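> Next come the chains, spelled out residue by residue.
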Amino acid sequence: MTEALVIATLALPVCAAGLLALRLPPAAARRLNTACALAVAGAAAALAIVELSQIGTPVAGRWYAIDPAGAVFLLVIAAVGLMSALASPAYLSASVQSFFKGARARAAYYAALYLFWAALLAVAVADNLAVAWLLIEATTAASALLVAFSGRPNALEAGWKYLVLTTLGLAVALLGIIALYAELAGGHGHGALATLDWHSIHRLAAGLDERPALLALVLIIGGLAAKVGWSPVHNWLPDAHSEAPPPVSALLSAALLPTVMLVAWRAQVALEPGTGGAGSGLLLAFGLGSLAVAVPFLWRELPLKRLLAYSSLEHMGILAIGMGFAHPLATAGVLLHVGGHALAKSLGFYATIPLLRRDPELGRRPAHGLFAISPAGATAITVSLISLGGLPPSPLFFSELLILLGGLAAGQTVVVVVAAALLALGFLGLAQSTIEGVVSDVRATGAARAGGRRMSLLTGAVSIALLALSAGIYVLPDSRLVTQVMGAVL
Amino acid sequence: MSAAFLWALVTLGFAAVVVRRRSLGITLMGAQSILLGLHAIGDTHDVPLAIAILVGRGVVLPLALLAVVRGTRERRRVSSELLALPRLVIAVGAVAAGAALVPSVGLIDPGAERAAIALLVLGIVIAAVRQAVVFQVVGFLVAENGVYLAGLAVSGGVPGAIELALLFDLVAVLAVAAAFGTKIHEHFGTSDTNLLRGLRD
Numbered sequence: 001m002t003e004a005l006v007i008a009t010l011a012l013p014v015c016a017a018g019l020l021a022l023r024l025p026p027a028a029a030r031r032l033n034t035a036c037a038l039a040v041a042g043a044a045a046a047l048a049i050v051e052l053s054q055i056g057t058p059v060a061g062r063w064y065a066i067d068p069a070g071a072v073f074l075l076v077i078a079a080v081g082l083m084s085a086l087a088s089p090a091y092l093s094a095s096v097q098s099f100f101k102g103a104r105a106r107a108a109y110y111a112a113l114y115l116f117w118a119a120l121l122a123v124a125v126a127d128n129l130a131v132a133w134l135l136i137e138a139t140t141a142a143s144a145l146l147v148a149f150s151g152r153p154n155a156l157e158a159g160w161k162y163l164v165l166t167t168l169g170l171a172v173a174l175l176g177i178i179a180l181y182a183e184l185a186g187g188h189g190h191g192a193l194a195t196l197d198w199h200s201i202h203r204l205a206a207g208l209d210e211r212p213a214l215l216a217l218v219l220i221i222g223g224l225a226a227k228v229g230w231s232p233v234h235n236w237l238p239d240a241h242s243e244a245p246p247p248v249s250a251l252l253s254a255a256l257l258p259t260v261m262l263v264a265w266r267a268q269v270a271l272e273p274g275t276g277g278a279g280s281g282l283l284l285a286f287g288l289g290s291l292a293v294a295v296p297f298l299w300r301e302l303p304l305k306r307l308l309a310y311s312s313l314e315h316m317g318i319l320a321i322g323m324g325f326a327h328p329l330a331t332a333g334v335l336l337h338v339g340g341h342a343l344a345k346s347l348g349f350y351a352t353i354p355l356l357r358r359d360p361e362l363g364r365r366p367a368h369g370l371f372a373i374s375p376a377g378a379t380a381i382t383v384s385l386i387s388l389g390g391l392p393p394s395p396l397f398f399s400e401l402l403i404l405l406g407g408l409a410a411g412q413t414v415v416v417v418v419a420a421a422l423l424a425l426g427f428l429g430l431a432q433s434t435i436e437g438v439v440s441d442v443r444a445t446g447a448a449r450a451g452g453r454r455m456s457l458l459t460g461a462v463s464i465a466l467l468a469l470s471a472g473i474y475v476l477p478d479s480r481l482v483t484q485v486m487g488a489v490l
Numbered sequence: 491m492s493a494a495f496l497w498a499l500v501t502l503g504f505a506a507v508v509v510r511r512r513s514l515g516i517t518l519m520g521a522q523s524i525l526l527g528l529h530a531i532g533d534t535h536d537v538p539l540a541i542a543i544l545v546g547r548g549v550v551l552p553l554a555l556l557a558v559v560r561g562t563r564e565r566r567r568v569s570s571e572l573l574a575l576p577r578l579v580i581a582v583g584a585v586a587a588g589a590a591l592v593p594s595v596g597l598i599d600p601g602a603e604r605a606a607i608a609l610l611v612l613g614i615v616i617a618a619v620r621q622a623v624v625f626q627v628v629g630f631l632v633a634e635n636g637v638y639l640a641g642l643a644v645s646g647g648v649p650g651a652i653e654l655a656l657l658f659d660l661v662a663v664l665a666v667a668a669a670f671g672t673k674i675h676e677h678f679g680t681s682d683t684n685l686l687r688g689l690r691d
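Those sequence lines, one after another, are chains P and X. Under my numbering, the first residue of the first sequence is numbered 1, with each subsequent residue one higher. Under my numbering, the first residue of the second sequence is numbered 491, with each subsequent residue one higher.
The hints are simulated quantities; they were obtained by calculation from the structure and are not laboratory data. Be aware that one or more of the hints could be misleading.
Covered stretches of chain X, as calculated for chain P (at least 3 residues, CB under 8 Å) [to be verified]:
#: 1; region: 503-515
#: 2; region: 521-529
#: 3; region: 559-565
#: 4; region: 582-591
#: 5; region: 603-613
#: 6; region: 658-666
Quick caveat: nothing in here was measured; it's all calculated off a predicted structure. Glycine included, every Cβ here is placed at the ideal spot set by N, Cα and C.
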């Protein structure tokens, strides 16, 4: 039964990609897209719920494994994928220019979107480091086309930069995987793929020499950093997020980056017996570096999507710090943060669809007077930015609090102090952007008020979900979920 | 692995840094892939898989790139590029730095290990200093050849499933890169990526 669900979760989006690649009339494509999105998200969510309902007994087969961490990420990918797929028709109906010619554009968009979604879902359930790497590489091909979908010169630049930087980064990670394989197999590899299963790595890591194990980990995490967008290898991130269609930006920021980070986290935890605490130090360094680079940009006047992109850099930094603390409180914070960030960031990107439709120049200039352009879009942006800034009762306030408390409990006082200072500055920067861009100049016109019902509904639903997530601060610490994630991110 | 074989691989990588013509760069990278493939065939129990990988990496990928070159003719040299000598100096410096700074990754053949890291570094250098789209793809493939060499240096080899899946991934990424190359040429009349500089903060 579970295996059937896993197969459905992975096969449905691939089949959907095949069906939607046919050149269907717009209305038929929209209906098919809705049906496929609901089916894919339903299967993935069911799989995650199966695992979360029986914590302590991981769901595993010969080629897949769903542990508590994987289940949480699976839920996030399912939710963001569903929202992105449902938001896509609104974007496509307004897009006039494309990388692809004529009628092929819509079909190519949907096919790439579903293949991207399929690869992301597969990463979360991959039981093997090498397989996870291959799937991450597969996300690059589909998502680079989506980043450049508008076909504008800036989009081509963003897509190309993303393709080159992440593929070179992944080549470095692959060298690390091969070095690790050579160490684990101890000269007796005989082509055994299972050597790179997460559990095998963890089991064999204790017998590794520290130096080569650490070097392999540095290459793996350093290479994956290019795909996560951690500083200093983040150059593609603001460009790709700002130029991609908004539903794709949401999928990139809220699903792709955390999912690749899950693989880095698993690698760090799996190799811990061989590397000591060095892996945690590496994550903390990437985390603090990313926070430090992102915060000054949150103070600058930037176009909305670019601001959201730098906020992604900030939040990937926070997540890395939480993973690096390796304390139950911080782990609870990480799980809460992944969910809260996904909802808030997706809402922010979707909100740009009506805003950019009414004023395409918003993609190039800093936002001002958004209420006058689209009250519903501006409200959604406000909810998104306030949540991302970590203003209570945003779940991100509680998750950041948990992460910092976890750091204090882990004895990382200096890191906590620096991170807290940077987070405070980041919050002030986002608050300033919200006031300047959204709340100022609130002279809305009647025409602008019209047609925002769907966006208002989405904002309401996401706000309720964010508030519900905030309850995680009471539920998650000391929960079995966190204990299991701590015991085995594998 | 013999020193001559490893030196040949690295020399082909250096040559790809300096040559002017895109087709020549592709041929050099293809020759490097074929050398690696031939070595793999002589060193494996799974000959059909090794042949498939040789054909994929050494023939199909270079031919696909040559097709991109044919469809994106350049009227003149990509002007934003550094001259060949400075490019070579940067490449030699980067490879020397890589050799000095990267500790042993623990492969059984230290020569192959050094050559693998040199190719990885050379690939990154090619992608950084060459401005034509096709050369940046060649850089990526040279880096991948370095990783493939590291895989060949592992006793017993890396799992065949991984090699095959990696080849599939390479083909997918190359197809996307080719689409980008064509589109960039369509927009700008050249495949000079230096023109892609609109996004700055």
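> Does the region 559-565 of chain X contain three or more residues whose Cβ lies closer than 8 Å to a Cβ of chain P?
violated (count 0)
> Under 8 Å between beta-carbons, do enough residues of the region 503-515 of chain X, three at least, approach chain P for the coverage claim to hold?
violated (count 0)
> Counting residues of the region 521-529 of chain X that have a beta-carbon nearer than 8 Å to any beta-carbon of chain P, does the count reach 3?
violated (count 0)
> Are there three or more residues in the region 658-666 of chain X whose C-beta lies closer than 8 Å to some C-beta of chain P?
The restraint on the region 658-666 of chain X holds, since 5 of its residues have a Cβ under 8 Å from chain P and three suffice.
> Tell me whether the statement that chain P covers the region 603-613 of chain X is true, taking a Cβ distance below 8 Å and needing three residues at minimum.
Coverage by chain P holds here, the residue count being 4 at a Cβ distance below 8 Å.
> Under a C-beta cut-off of less than 8 Å, do 3 or more residues of the region 582-591 of chain X approach chain P closely enough to confirm the stated coverage?
Since 0 is below three, the answer is violated.
Violated hints, listed in ascending order, are 1, 2, 3 and 4; each of the other numbered hints is respected by the structure.
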